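Those protein sequence lines, which keep their order, are chains A and B. Start counting the first sequence at 54; every next residue gets the next number (the numbering used here). Start counting the second sequence at 39; every next residue gets the next number (the numbering used here).
Keep in mind that a hint or two might mislead.
For each label pair, taking beta carbons as the anchor points, the in silico distance ranges come out as [to be verified]:
{"hint": "1", "chain 1": "B", "residue 1": "A201", "chain 2": "A", "residue 2": "F90", "range": "36 to 46 Å"}
{"hint": "2", "chain 1": "B", "residue 1": "A201", "chain 2": "A", "residue 2": "R338", "range": "56 to 66 Å"}
{"hint": "3", "chain 1": "A", "residue 1": "A189", "chain 2": "B", "residue 2": "D59", "range": "19 to 29 Å"}
{"hint": "4", "chain 1": "A", "residue 1": "P281", "chain 2": "B", "residue 2": "H177", "range": "31 to 41 Å"}
{"hint": "5", "chain 1": "A", "residue 1": "G89", "chain 2": "B", "residue 2": "E220", "range": "49 to 59 Å"}
{"hint": "6", "chain 1": "A", "residue 1": "L367", "chain 2": "B", "residue 2": "H177", "range": "16 to 26 Å"}
{"hint": "7", "chain 1": "B", "residue 1": "H177", "chain 2": "A", "residue 2": "L215", "range": "31 to 41 Å"}
{"hint": "8", "chain 1": "A", "residue 1": "A308", "chain 2": "B", "residue 2": "P88", "range": "51 to 61 Å"}
{"hint": "9", "chain 1": "A", "residue 1": "L215", "chain 2": "B", "residue 2": "G112", "range": "49 to 59 Å"}
{"hint": "10", "chain 1": "A", "residue 1": "A246", "chain 2": "B", "residue 2": "S58", "range": "39 to 49 Å"}
{"hint": "11", "chain 1": "A", "residue 1": "P281", "chain 2": "B", "residue 2": "A201", "range": "29 to 39 Å"}
{"hint": "12", "chain 1": "A", "residue 1": "G89", "chain 2": "B", "residue 2": "G112", "range": "25 to 35 Å"}
{"hint": "13", "chain 1": "A", "residue 1": "G89", "chain 2": "B", "residue 2": "T317", "range": "28 to 38 Å"}
{"hint": "14", "chain 1": "B", "residue 1": "D59", "chain 2": "A", "residue 2": "E309", "range": "27 to 37 Å"}
A few chain A residues that face chain B, going by a derived Cβ cut-off under 8 Å, partial list only [stated by the list, open to error]:
{"hint": "15", "residue": "S146"}
{"hint": "16", "residue": "G164"}
{"hint": "17", "residue": "I168"}
{"hint": "18", "residue": "G171"}
{"hint": "19", "residue": "V175"}
{"hint": "20", "residue": "S209"}
Keep in mind that the hints were calculated from the coordinates and are not lab data. As the structure is a computational prediction, the values presented were derived from the model and not from experiment. Even glycine gets a Cβ: it sits at the ideal position worked out from N, Cα and C.
Below are the chains, spelled out letter by letter.
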Amino acid sequence: MSPAREHAVELLRQMVLVRRFEEKCAELYGLGKIRGFLHLYVGEEAVAAGVLAALGPDDNVLATYREHGQALLRGVPPGAVMAEMFGRANGCSRGRGGSMHLFDVERRFHGGHAIVGGGLPVAVGLALADTHLGRAGVTACFFGDGATAEGEFHESLNLAALWRLPVLFVCENNLYAMGTALERHQAVPDLAAKPPTYGIPTERVDGMDVLAVEDAARRAVERMRATPGPAFLEVRTYRFRAHSMYDAELYRDKAEVKRWAEERDPIRLLDDDLRRRGWLDADARAALERGVEQLVRDAVAEAEAGPLEPVEDLERDVLA
Amino acid sequence: MTRLTYREAVRGALRQILASDPRAFLLGEDVGKYGGAYAVSKGLLAELGPAKVRDTPLCESTFVGAGIGAAIGGARPIVEVMTVNFSLLALDQIVNNAATLRHMSGGQVAVPLVVRMATGAGRQLAAQHSHSLENWYAHVPGVKVVAPATPQDARDLLLAAYADPNPVFVFEHVLSYPLEGEVDETSGAAPLGRAIVRRAGTQLTIVAWGGSLPKALAAAEALAAEGVDAAVIDLRTLRPLDLEAIGASVRATRRLLVVDEGWKTGSLAGEIVAQVVETVFFDLDAPPARVCSREVPIPYAAHLEAAALPSVERIVAAGRGVVRG
Chain A
54 MSPAREHAVE LLRQMVLVRR FEEKCAELYG LGKIRGFLHL YVGEEAVAAG VLAALGPDDN
114 VLATYREHGQ ALLRGVPPGA VMAEMFGRAN GCSRGRGGSM HLFDVERRFH GGHAIVGGGL
174 PVAVGLALAD THLGRAGVTA CFFGDGATAE GEFHESLNLA ALWRLPVLFV CENNLYAMGT
234 ALERHQAVPD LAAKPPTYGI PTERVDGMDV LAVEDAARRA VERMRATPGP AFLEVRTYRF
294 RAHSMYDAEL YRDKAEVKRW AEERDPIRLL DDDLRRRGWL DADARAALER GVEQLVRDAV
354 AEAEAGPLEP VEDLERDVLA
Chain B
39 MTRLTYREAV RGALRQILAS DPRAFLLGED VGKYGGAYAV SKGLLAELGP AKVRDTPLCE
99 STFVGAGIGA AIGGARPIVE VMTVNFSLLA LDQIVNNAAT LRHMSGGQVA VPLVVRMATG
159 AGRQLAAQHS HSLENWYAHV PGVKVVAPAT PQDARDLLLA AYADPNPVFV FEHVLSYPLE
219 GEVDETSGAA PLGRAIVRRA GTQLTIVAWG GSLPKALAAA EALAAEGVDA AVIDLRTLRP
279 LDLEAIGASV RATRRLLVVD EGWKTGSLAG EIVAQVVETV FFDLDAPPAR VCSREVPIPY
339 AAHLEAAALP SVERIVAAGR GVVRG
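Sequences and hints are given; from them, build the entire structure.
This is how it looks when you write it as C-alpha cells:
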C-alpha cells in the first residue's frame with residue numbers, strides 16, 4: 054500500500070472512530086449512563102482529523118467543549134474518554150470534567166474548554182512558554198465561529214501576532230453559535246477576513262474534505278516552524294446533530310441539515326474518493342468498521358468496569 | 039538590613055526571581071518602558087531585557103490567560119494587573135481557568151502562576167480604581183491570596199508566591215508603596231497561610247491586613263492611651279485563612295474586631311467573624327465587631343473618600359465599643 058493510500062485510509066478510520074464513538078455516546082446518554090452536557094462532533098470529524106494529522110508529539114492541542122474528536126485523535130485512549138463521561142476514576146480527568154473537559158497533559162492535550170473564547174488566551178500562553186523556553190512546538194487552538202464575537206478572540210489574535218507566537222488558530226465554522234446563525238452574530242460574516250487585519254496568514258478550507266484540511270494545516274504549520282508567528286484556518290463545516298442533547302433545533306431548517314448530511318458528509322466523501330481510486334474495497338471497508346466497533350465496545354466495557362472516585366478524595370487536586 | 043520602601047522591596051524580589059530563574063518573566067500593562075503604573079518594575083526592562091519584562095497590550099483577560107497558559111506550559115510568569123478593578127476583566131480566566139484546571143483535569147494541569155495587583159483606596163482615584171475586592175479571590179478554591187502589609191513581607195510573600203506551585207494572587211495596597219522599613223534582602227520566602235502578631239495585647243484582638251494594618255496599629259496605640267490593651271494580628275494570607283492564629287489570640291483576649299477595606303456585606307471580615315464564632319464562641323466576652331468600607335462606590339472628593347474608608351477613629355471607636363460595651 055502506498056504511503057498516501059495508507060494515510061488516507063487511516064484518516065477514514067479516524068473519522069469513523071469518532072463517528073461511531075459518538076453515536077454510542079448518544080445511545081448511552083439516552084440510557085442515562087452519560088449525563089450533563091454532551092456536544093457531538095458528528096459532521097465535523099474532518100476538522101480534527103485533518104489538523105491533528107499535521108501536528109507532532111511536541112505540539113500542543115487545546116479544544117472546546119465539543120472535543121471528543123480532538124481527544125480521541127490526539128491519542129487519548131477511547132476507554133479513558135468514555136470512562137470520563139461515565140464519571141469514573143479511570144476517566145482521563147478522573148471524573149472531574151466529563152464530556153466537556155477531557156485532558157491528557159502527557160499527550161499535550163490541554164482540554165476541553167467550555168467558556169467560549171476562554172481557551173484562546175491559554176493557547177497563546179502555551180505558545181509563549183514554548184517561545185520563552187526555546188522549544189520548537191506549535192499550539193493548535195480549536196474554537197467555533199461563535200468565539201469570534203468574543204473579545205478574547207481579538208485580543209488573542211493581536212497578542213499572538215504582536216509577539217510572533219506559534220499558535221495555529223483553527224476556527225471550526227459550523228455556521229451556528231449554538232442556535233444563532235453566523236449572519237445573525239457577525240456584522241462581517243466572512244471570518245477569514247478578520248485575522249489578516251492582525252497580520253495573520255489565513256486560509257479558508259473546506260472542512261468536509263479531510264485531505265484539504267490536512268494540506269492547509271500542514272502549510273500553516275510548516276510556515277510557523279520556518280517563520281515564528283501565528284496562522285489561522287477557517288474550516289467550513291457543519292454540525293449534523295443538535296448543539297447538545299438538550300437542543301430542540303428550532304433555529305434551523307431540517308432540510309438544511311438533511312442536505313448537508315446527505316451531500317457533504319466528510320466520511321462519505323472520503324469513502325467515495327477511496328472507492329473511486331480503488332484504494333479501499335468493500336471487504337477492507339467492512340474490516341475497518343469492525344475494528345472501530347471493537348474499539349468502541351472495549352471503551353464502553355472499560356468505562357462500565359471503572360471504579361468511582363472515593364468521596365473522601367473529593368477535595369484532592371484542588372491545590373498542589 | 040537595608041532601609042527600603044515597600045515598592046523597592048517588591049522590585050528587589052522581582053529582580054531576584056527574574057535574574058535567577060530562566061523560566062521566569064514579568065508581563066503586564068506598562069511594566070516595561072513606563073516602569074509600572076506604580077513604578078514597581080522601574081528599571082527592570084533596561085536591566086533584564088524584553089524577554090524578561092514584557093509590556094502587553096491592554097487586554098487583561100488575554101494577558102492573564104496567557105500567563106495561565108505559559109505557566110501550564112512550564113514557564114513561570116509573574117503577571118501584573120494595574121489595579122484590582124481592572125482584574126475584573128480577567129475574572130473569567132482566573133476563576134474558570136487558573137483556579138479550576140488542576141481539579142477539573144483530575145490533577146494533571148499545574149498552574150504555577152503569580153498575579154500581582156494594586157488594591158485599595160486613599161489616592162482619590164474614584165470608583166473604578168479604588169476598590170478592595172480581595173475577598174472575591176479569597177472566595178475561590180484552587181488559589182491562594184496574600185496581602186503583604188510591610189516592606190519585608192512585600193519581599194518575602196512575593197518570593198513565597200513564586201515558590202508555590204499554585205496560582206497565587208498578591209494584593210499590594212496603593213498606600214503601601216511608599217512605606218519605608220528595614221528589609222533583609224537576603225531573606226527567603228515567608229510561609230504562606232501564616233498570620234503574625236504585630237502587637238501583643240490582652241483585651242482585644244484586632245485583625246487587619248494590607249493597607250489596613252498601619253491604621254489598626256495606630257488605633258491600638260490610641261486605645262492603649264485610653265487604657266485598652268489591644269493585640270493586632272496581620273493576616274498576611276487571605277486564603278487559606280490562619281484561623282489558628284486568630285483563634286489563639288481571641289481565646290486570650292476574648293474579644294474580636296476585624297478591619298477590612300472591602301464592603302461589609304459579603305466581606306472577608308464577615309467570614310473571619312463567622313469562623314471565630316463557629317470555633318471559639320464560648321471564649322467570647324462580647325459580640326465581634328467589624329470596621330469595613332461604607333456601602334458606596336468609593337468617591338473622588340477627599341472628605342467623602344475618607345468617610346467611606348475604615349479610619350483610625352472608626353477602629354478606635356469600634357474597639358472601645360467591643361471592650362467597654
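Verification of the supplied hints:
1. B/A201 - A/F90: 36 to 46 Å: 38 Å, holds
2. B/A201 - A/R338: 56 to 66 Å: 57 Å, holds
3. A/A189 - B/D59: 19 to 29 Å: Since A/A189 and B/D59 have Cβ atoms about 22 Å apart, the given range 19 to 29 Å holds.
4. A/P281 - B/H177: 31 to 41 Å: For A/P281 and B/H177 the Cβ distance comes to about 40 Å; the hint holds.
5. A/G89 - B/E220: 49 to 59 Å: 56 Å, holds
6. A/L367 - B/H177: 16 to 26 Å: With Cβ atoms ~18 Å apart, the hint holds.
7. B/H177 - A/L215: 31 to 41 Å: Because 34 Å falls inside the window, the suggested range holds.
8. A/A308 - B/P88: 51 to 61 Å: 56 Å, holds
9. A/L215 - B/G112: 49 to 59 Å: 22 Å, violated
10. A/A246 - B/S58: 39 to 49 Å: 46 Å, holds
11. A/P281 - B/A201: 29 to 39 Å: 31 Å, holds
12. A/G89 - B/G112: 25 to 35 Å: Holds - the Cβ-Cβ distance for A/G89 and B/G112, about 31 Å, lies within 25 to 35 Å.
13. A/G89 - B/T317: 28 to 38 Å: 37 Å, holds
14. B/D59 - A/E309: 27 to 37 Å: 55 Å, violated
15. S146: 4 Å, holds
16. G164: 7 Å, holds
17. I168: 5 Å, holds
18. G171: It holds, given that the least Cβ distance between A/G171 and chain B is near 6 Å, below 8 Å.
19. V175: 4 Å, holds
20. S209: 5 Å, holds
When each numbered hint is compared with the structure, violations occur for hints 9, 14.
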